[in-house]
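**Student:** Below are the chains, spelled out letter by letter.
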Amino acid sequence: MGIWHSRASLRLLVSRDINQKYRKLRLGYLWVILEPLGLSVTMWFVFQVLLGGREMGEQPYYLFLTVAILPWWWFTSGISASTRAFVGYSRILPASVLPTEFSVARVLLSRTVDFVGALPLVVFAMLVTWTFPGPEIVFFPIAFVLQFAFMYGLSLFVASVSAVVPDFARIVRILLRAAFYLTPVLYSLSNIPPGARPLAAINPLVGLLSMYRLGWWPSENEALITYGVSFGVGVAVIIIGIITFKRLEHRILKEA
Amino acid sequence: MARVHLDPHLDHQVEFEAVSLTVLRAQRRKGSGRGDRLRRMASETRRVAHPVIQDVSVVIEPGECVGLVGRGRDAGLIEVLRLSAGTLIPDEGVVRRREAVIPILRRVGLVNGGLTVRQNIYVIGILLGMSPDQITAELDWIVESAGLARFLDTYARTCPPPLRRRIAWTVAMATRSRTFAIHGALIMGDEQYREFCWSHVESLKADGVTFLIADQAPDELERFCERGLVFENGRLIADTSMTEALAMTGRRTRDNEDDNTPDEPDVREDIDDW
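Chains A and B, in that order, are what the protein sequence lines are. So that you can map any letter, position 90 of the first sequence is 89 in numbering that gives the first Met the number 0, and since no number is skipped, the others follow by simple counting. So that you can map any letter, position 244 of the second sequence is 243 in numbering that gives the first Met the number 0, and since no number is skipped, the others follow by simple counting.
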């Protein structure tokens, strides 16, 4: 595939993008960590300190939140950035001989680098709460790879449709906000009534976030059916993304 | 999934076979009904299919230098060049090419003021399909022939405009491609810059490189191109000698073209923070 063939070029472009994104900021690359840190501390304060009486999630809650909020932050910032993957590069698409999907990979990879850069926050949360994972932590990197593949498919879909229908970017913003509350980021899957769990698993992020958390809370382990459904939907999304992109590619180029 | 397919066994350099292309263009709503008037007030536009290229079949042989001229507005020259480079996909018909075609388009801001000149060279090179190693190998040549040595590690926005303009052109030349599709890049800027570009065209042409040039510099087109293609409303209406083609469009020399000289791009045009 074209992208793998020119991975050296992709690496260079992504490093330029990241460099440019943080160059003007006084705190520079520190923002990779500061942004999700602010988010997790806010959520922890609201849902544990202010509304602390509720039975929500697992203990220690701060770690529980951090482990899920980083992948969530990666997901939401990656998908909302992908709405501009083709629109934002419309000036260079007509003059570039690179494969069209290059710009999607470029946007997604620069967010992925942000995510990896923010991972020390998990270590920080583990030290603060003095809780360390068991052998099930091996699912953490697996979840990472699966989420990357899922996001690539979804980004392709979102980027292609937003290039053709400008309104789609706003719809995506609303959907992402709704998805935040519909996904067990703040709570755990066990807070959902058992009957509704297979239904919740239609959201591929449910399976993914459970996998991220397995290392610390093996009891969170869900029935295989949950993972099966999540995985199946994820694969379907990837396939739909690729097909949508292929069918819209000529229109994306015309809009550029 | 690459959109540009190369066919090394093709007999011609570039081949258009019954190519048609339609784009949707926004059009003001017409009509006098209340609904139409309201929508006009809300500046809602209707997207109307507009045929840009209609049934073009043409063959470009290796080593040819072909000038493309348009009659009237919307002749579709830029689309022909983008189709040949593969940055547009035809709705009907096929475009075949033997080797990669490098597009050099005027209105595309490739130089990013927020990056240094060196970084710009790498980014533009990558967009034109070079690998980072290839660019490193060509870097000395690029810097030397564009005269960028003093500015290599300064931000592109501080680089004087005449030099900045040379960056994209020189990098495109450094791709060592055997085919170029050029639109308007040869007319922007000062006399010195134009000379600089045309001298490249001249020496590469002697080397057997194929050029497709859509430009508004009739003197140079006549000097460098043997073959001329005349387009009108997206149709190929003539495939003749360059002199003939220029005569058909009524642009013989630069002197009588003064009234519709292409808008000289202002200094900041080719700089854009994408």
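Please keep in mind that the hints were generated in silico from the structure rather than gathered at the bench. Be aware that a few hints might be false.
Where chain A lies over chain B, by a calculated footprint (3+ residues, C-beta under 8 Å) [to be verified]: (1) 3-13; (2) 115-128.
Over 12 Å on every C-beta distance to chain A, these chain B residues come out as not near it, computed from the model [to be verified]: (3) E60; (4) E63; (5) R72; (6) D132; (7) T174; (8) H182; (9) S240.
No experiment lies behind these values; they were computed from the predicted model shown. In this text, a Cβ means the ideal position worked out from N, Cα and C, and glycines have one as well.
**Student:** Hint by hint, note whether the structure agrees.
**Tutor:** Do the hints match the structure? See the list:
1. 3-13: violated (count 1)
2. 115-128: With 7 residues close enough to chain A, the hint holds.
3. E60: 22 Å, holds
4. E63: Since the minimum Cβ distance to chain A is about 21 Å, E63(B) lies beyond 12 Å and the statement holds.
5. R72: Since the minimum Cβ distance to chain A is about 19 Å, R72(B) lies beyond 12 Å and the statement holds.
6. D132: Per Cβ check, D132(B) is inside 12 Å of chain A; nearest 7 Å; violated.
7. T174: 9 Å, violated
8. H182: H182(B) is in fact no farther than 12 Å from some Cβ atom of chain A, at 10 Å.
9. S240: 30 Å, holds
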